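Enquirer: Spelled out from the first residue to the last, the chains are:
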Amino acid sequence: MAAGTTVRFTLLLVLLVVSSGSMMQAVTNRFYGASDYGCLLAAGGDPNQGVGRATAARIVPYFDAYQACRDRYEPGAPLWLTLLWPVLLVTVTVVLFWCLPRWKARRGRLVPLEAIDHDGEIRRRLAEFAAVAGLDRLPRVVVDPAAASTSAVVFGSNRRPIVCLHGGLLARRSTDPTAFRAVALHEFAHVRNGDVTLTYATIAVWRVFIALVLLPYVLWKLSEIPASARSQWWPADAPYATRELLLAVVMVTLVYLARSDVLRNREIYADLAAVRWGADPRGWAFTASDQAGGRLRRALGSFVELWRTHPRWKLRRDALADPAALFGVQALPMFLTGAAALLIETQTEAYWSLAVNASAARTTTTALVAAGLTSGVAGTALWRAVAHAVLTGRRMPSGVRAGLWLGAGLVVGELLWNRVAIGQWLPNHPLVLALVLCAGAVFGWWTAQCAQLWVRAWPGRTIQPAMLLGLSAAWLVLTSWFAWWSSQGTQLTSLGLFYGAGAGRVVQDTFGVFPNDDPAMLSMIGVVLEPLSSLDGPLVLSAVAALWVVPLLAWTLRPATVPPRWAFGALGGAGRPAAPGEVSPPLRRVLLVALAGVLTCWAAVAVVMGYMHTWQSPSGEQKSFYVLVYQAWALVALVAGATAAAIAASVLARRYRLLVALITAESVALGGLVGHFVLTAANGCFQPLNTLATRCQWRPGVAWSLVHMLLGYVLVLTAITAIIAAAIVSAARRAWRSRTESTVPEPRSGRVQGGLTARRLCALALSAAAVAATVTATGQQSSSEQQSSSGRTPRIDVQQLVPVDDAAVPDSTRRLQVAAWWFRGGQDLQDRYITVLKRLIAAQKDAADSGHGDVDPALFRPLCIDMGQIARDAGRYFPAPDPEIQALWRTFITQAEKAGGDCQQSLDHGDTDLFTAFMNEFTEAAKALVSVSGRVLEAGRAAFQEKPGGLPSRE
Amino acid sequence: MLDVVRDVVAGVAPEELVLVDGLAGLDDDAVMRRLGRRGGRREPLGFGLGEVAVLVTPVVWLVVDEAARRFGSAVGEDAAKGTKAVLRKLLRRPAAAVVVPDLTREQLAGVHQQVVETAVKHGLEDSRARLIADAVAGRLALAAAGGDADEPDGPDSDGTAALD
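So the sequences go chain by chain: F and H.
Residue 53 in this note's numbering sits at position 53 of the first sequence, with consecutive numbering throughout.
One gets this note's numbering by counting positions in the second sequence from 1 and adding 955 to each.
In case anyone wonders, no lab produced these hints; they're calculated from the structure.
Treat the hints with caution; some may be incorrect.
[Unchecked claim] Cβ pair distances, simulated, as ranges:
1) H:V1054 x F:S302: 49 to 59 angstroms
2) F:R243 x H:R1025: 54 to 64 angstroms
3) F:T175 x H:T1059: 18 to 28 angstroms
These numbers were taken from a predicted model, which means no experiment stands behind them.
Ideal Cβ placement from N, Cα and C applies to all residues, glycine included.
Chain H on its own, in the form it takes in the complex (with noise of 0.2 angstroms):
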């Protein structure tokens, strides 16, 4: 799932890739819930709450994972709850990485739509949502039909760079 999420930043907000970096050394299940969360925190010492960038980076995160969970075999689901879980919070393990299955062509489309959907509800503009949707579609089209979902090298080989 990382590598999807790096390969479709990587080609529509390259800048964003550090934060690609970063939410990888974290654990999945805090990424997922800190990246839902809306607004920032009022810190003491901190610069003051001021404007919040609109990021590429969650929306891709966020639906690739909940795409990986529902069409996704049922380990990450058992990974994510029970007693399992709370000893591995505890223990402080990462939990099992997230995989993507290959999407049937119904599910690509319900992604894309999810894509854009979360996007705008992010703050991007509907033609940015749309550029973004297609590059995810694309990306997880092309692990379906090349079975390279775990190699690293797609960004400048799905053309999803073109898009830009």
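Pulled out of the complex, with its shape left as it was, chain F reads as follows (with noise of 0.2 angstroms):
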């Protein structure tokens, strides 16, 4: 079986070649403004109320007034200098890695074989050794003569690999020669196993890395503290530079740990793989100072036994006999897998966002490099694990500790990046990241379950395509859960769900206005719909699809009652597998329980619609309200009949509790479905049923219209409480076993009940429709989004759905406001009106020059256009900070929109009191401008003389 080294080693490059870009983004940026608050404060907001939040009320209304503030004044380092660093770091490590074995091999520090070997008898014994480890022809051999270890090494690359003999182990090859073939043999292994390449090249990237981007950045954030300590924003600054503080560590620490994990795992497989060729396992033998003494003692080898590149000598001689380390889940590199993706992901996007400002398309591709990365590392692992136990008959690993792991390292990632507190310590909403510990569990607990599925039943000759077909599923459910973390899990965190009354009014805007509406019940559909409406976009809904379909299509292989010949290898030459011991659970029970779950799901939909007929109008004519509400009645039958047939399935199975209760619940969602738009079809027919139609009619295009607009809710909602229930059962029978004591019966294994064929039949059945109903659901989602895209966007006013606190605002930082207000384009827009006075009255003197004194429309028409343009680009500026200079500013724009109308229609008429009611509009906007100035020189003057220097920034 595949080691998942590679993919491991493959992870850190790319977390050190996104990182390199992104941290000295961090540092470059501040040439660029980029920390600036000057723009946020001009929308009014308060950096030290927390940037996220005072940004979501603040900005979202104006965003485009903010993105042009930002453009202009803090437009941060340009794409060309974030991507100067990945290519600069890329660069001299291929020019390290070249230099790196020349270096290590120069003249006078190690001589070439030749050079002692007179009789050529070590190279001719050498050769021997290559020759049996499959090499094509021995490496290039040098001796350190000075070193006095048994040992050698190998370095260069894979293609040139340079083995280095140390002097003690050339002094002891003919005392020792088993020994001597045991190291040579394990670093031939190396050399097999393809290790030089990617150990060497993370080394080099590593180096280059700490030299050309973390010593630099961690300088500059340090010299960043002082002056940031005595700025009025330090509160919301510490978090900035706690975290860019703590990113650095971090890193160190993941890459170091990393890096140190999976070259011990490489030294193990060159273990066996030096004893599979013949070397005796006595050459391991020596050097018993291994971890002794108390716990604490102990404690402390553990630990520093994780920073070494070579693992203790008794586990790597126990290893020897038993590979079982190999394959076994461990905590620390399912963390370090979560941090380094979070931070992969958050990285990458931060890329993006310099690019691209299709947010759907950034997330989707960031989630899928985040996710690929993930499930094949973390995936791998299960799959290992879960393989390893089968074939040895060892305990199954459920996959939820490790899933955990790795949950808390996403939580710990995205805490080091300022996405869900944007300068705060804490999110606003921190028990939302439970979340994301429970997709991790999730995530383990089904790899776990589907990989035992497939590994029990799969005959080939390799395991791979399984392994494939697990993991692309494993990917895809990644993906979805990443891109709906990073565009609406971070949200939740930091702002929470939408208040009620406001998220009533969302409805409102979605669907329209509904005269006889319960303010509550849309309220309740508002606050519900708002994370919902992110749940069926396609990624998702394959997601959903590939969670009960991948292991389905495990029922259609034919079982193995002999140790497949897959397995024979997959132990890499350790242990004879044992025969899989238990074939699939019986489908037809899954379906029995699925068929009394469809009825049960009709009898829900029914009981909805009894319940919704005493509503219904006695003229037969529908409001969208009730229909709204019939919908959402009909969502919570759908979803909870198929829950109680989740419930019942996983209560009734052995083992596979998570698949079982998905498969289950998603075929009976679909059949509860069926029966929904039967029932609708058919609506009018049966007197206590009627809800929508009053007489009798086969309405099928109605019906379908509905049940189209469910369908993708009920799918992803009935995966998601599937789950919740499987956990629940699961973790009931757990305790109750535990309670009890009595051990889970063993697995019948042999004969399988019912055909094949009927089997097969049934899960490509299944299977199909939901692959139907996923392209179904799909189609309907993106012809929603296509109407939207087209239809009217609502204007909400966001600070109905995340409230800030507007009073707790203090003067200083409200004269700030005012003053960034002002400086960001307040003071622009004057200017321009200036300009148009200027010209106003020099139009105005060349026509009282010219003598007959009337006006010059080719000389007028420009300045009333730009005049209507000024009026609206303030409109679209953002509201001043201060109530008084607002009242004063709308003035401004009211008056001056007006003039502009005015002026324009007094040249195109010739109506002369239009224009003087025109000029004195002018003269009224003016006059409101003036105020705004003096108002906002009088709170700059303040503001000024608390803090000289300018307009403030995060620094």
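Assembly of the complex is requested from the two constituent chains, each provided in isolation within its own frame, with the hints serving as guidance.
Expert: Written out as structure tokens, the structure is:
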């Protein structure tokens, strides 16, 4: 089986390359004003109240103005400068990688083997070992005569490896040929396993990263702290500064620990290969200074061990007899993978934000990268652990613990980045982060169960196709998680759910105003709809389909009753595989439970219809709010029916509770939707169930549109509730088992009940239905997206949804807000107005000078247009942060707008009265503007007396 | 000096002759620096920090080199210091060969004592350490008596092989 270490090295390399750009971006941004708070203050935000919250409340309604302000005053480092660092990192790494072996093997430090092996005897023996190891030719061999250790090392690259024998080993070769053979074969195993390039590439990139990125980054960030600590924005800056420095510490720890862990695994692989090629295990018999002593000493030893590139000798010796250590799922790699994946995801997104504006494409791409690496590392580890447990008959890993560690890594990675708590120590809703832990646990649980099912069923020559299928599904599931989390989850963590009244408004904006609505019901639908609306995207729907179709396909295989062919090679030659011992649980039972569930769903939908019938208006004419409530209850009924079936199925299942729950629940959901369709289409035919119609008629079109609307939500919500149900049942069974202390009955082995053909047909039919439903639901989703993008965009007052405490803004901050508002755009508008004013005076003077006093329309018309434009621009700019100034500003906008309109009309119609009105409005606008600038100057003077030195910045 | 080391090692630990050949190909200063270093380095893709072999060659090399430097001409010292040394390193030129001068009886006794101490410090047993010290002192005394320090046929003629 694939060792999965290559993808772990790749994860580290990607992390370093991605981090190089984003970390240096944090440094270079300083020179491009991106860390200033000017535009945020101008919009009326208070950085000390938490940048995320302030941003949402103040900036979202004026996002265009904010973007224009940022682009002009705080643009941040350009893309080319940010991309320069990864390019530089890769280039210097390539150079260092090329130089490293030359430097190591330089003259005066090492000598070629030929220089001391006069009779060629050592070379002959090494060539013999190389042939045993399956190498095409003997690699270049050098000697370090000054090294007394009985060891050797390989460096260079996979194509040009250089094996260096230590003096101690050479001196011992005749007295201890066993050790000589073991060491030589171990080194050749590294060459054969292709460890050399990846190991030294990782070392090279890490060294270059330290020199080019980490050191400048840390020094720069440290140097910024003193000035930042004196700033008024220190409460907002302190979390930034701390995270930035913590990021450096975590990067060092993460890279060292992950690299050492991978290298330790590679060592055991090399040991195993050497022994397989005939090395005597006694070659590992020396050095018995393994951990001993008290608990504290052992704990310290284990901690030190984490940082070493070689495992303890005892572990290595034990691994030769039983390589279980290579197949275990350990907490540390899982945790590190989670943290690294999240750092890659957030940092890649930071790059994309410089280049692409489309946030959906950006989110999906970054999620694909992060999820690919995570499922590659964590998924492979779980598959290996499961395969090992199946083949050796050991305890099966549940995957939950591993998943929780992965989730913990994701949480730590998230808290290291300024995404869920911007300018704050903790997010406003930290409990939402528990979702990440749950997602990790579900990923681990599902992957382990899916792996177990496939490993037990797979009859092929190699397990790779099954593993590839399972990991691809895991990749899809994780991608949808990452995409959802980065777009919705993070928002939920920092801002929370929408508030009731505001959420009701969102529903009204989306579906139209309902005359007879119930505000409480409307708010509830709004609150639920917001997080729900992000769940029926194509990515989530495909992930849900993968969650139950991929395990379902395992039932199409003929169960293996003898050890399959792939099992003999999977353990790396250590141990003989046991028979699979268990067949997949009978599909018939799952289907029977599902059938009962479908009937329950139909009954539940009928109950909903009966309930809604009591509301039905006598005329039979239904309001859209009634239909909305009907649909909401139908959704609840379908999901509840499916969840009940999931509970029943997982209670009855002895193994694979999660998979069985998912398959049952989703099948029931599809069957339930069919019932919903039939009952709705035949609406009006059953008196107590009449809801949408009073006359009996077959209406498939209406029914289909209603079912279509619910399809995605039902599928996704059912999957979520089925997972929760399976988790609760599993936990309860576990608790019950531990109380009664009875053992789980061993699953039956041998013959499967029921015919293979029938099973295959059922599994394929359900899979086809799942795919069809997903495609249909995806189509519904994209068409509704098109409708909403082509239709009106609801303008929602975000402050209703995310309230901020406006009264809590201190006066000093308010004055700075006013100053920022003025200097980031207000003054610019004033200057433009003054220019128009000057041109107007000049034009009037020209008219007076011409003698007849008539205005020239060609001269005045551009002025009218400009004035209207200034008024419109001022309307789009942020409202003034001070209420009095805002009142004056409003007057200016109104008067300027009127002046622009009247000016044009007076010229068009030659209306002198209108022209006089225009002049009056123009003057009024100017007066208001003068008052605005006067008030701003007052506030500004006070602000600058408090804090001289211009506009505040984040540093 | 190299011949003295080679002769002694050939006598007491012939399996280490390959190391002497290897060290001969290296720069003197580099050899001294690296032989003086204790313990090994943890290298990725190495076999791991296993046993450190108790070797005779470093003991003999270190003591003979020190004796040559202490009792020999100032040429050797000059070669290892100052701007010349820096230039030499930059140009990757080997240092001038260290020549062992004829030693007096007292000096030989001192060298003997030094070998025993160094050998014990390097983990060799006392009896083995004395054997090596005898071989070194004998080889140096022979060189002083016969003036054949530069001739490579020492091991068979000086009788140290019999001590092995």
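Enquirer: Within 49 to 59 angstroms or not, the Cβ separation of V1054 of chain H and S302 of chain F?
Expert: 53 angstroms Cβ-Cβ, so the 49 to 59 angstroms window holds.
Enquirer: Does the hinted range 54 to 64 angstroms hold for R243 of chain F and R1025 of chain H at CB?
Expert: Holds: the Cβ-Cβ distance is about 59 angstroms, inside 54 to 64 angstroms.
Enquirer: State, for the Cβ atoms of T175 of chain F and T1059 of chain H, whether the hinted interval 18 to 28 angstroms holds or is violated.
Expert: 38 angstroms, violated
Of the numbered hints listed earlier, the single one contradicted by the structure is hint 3.
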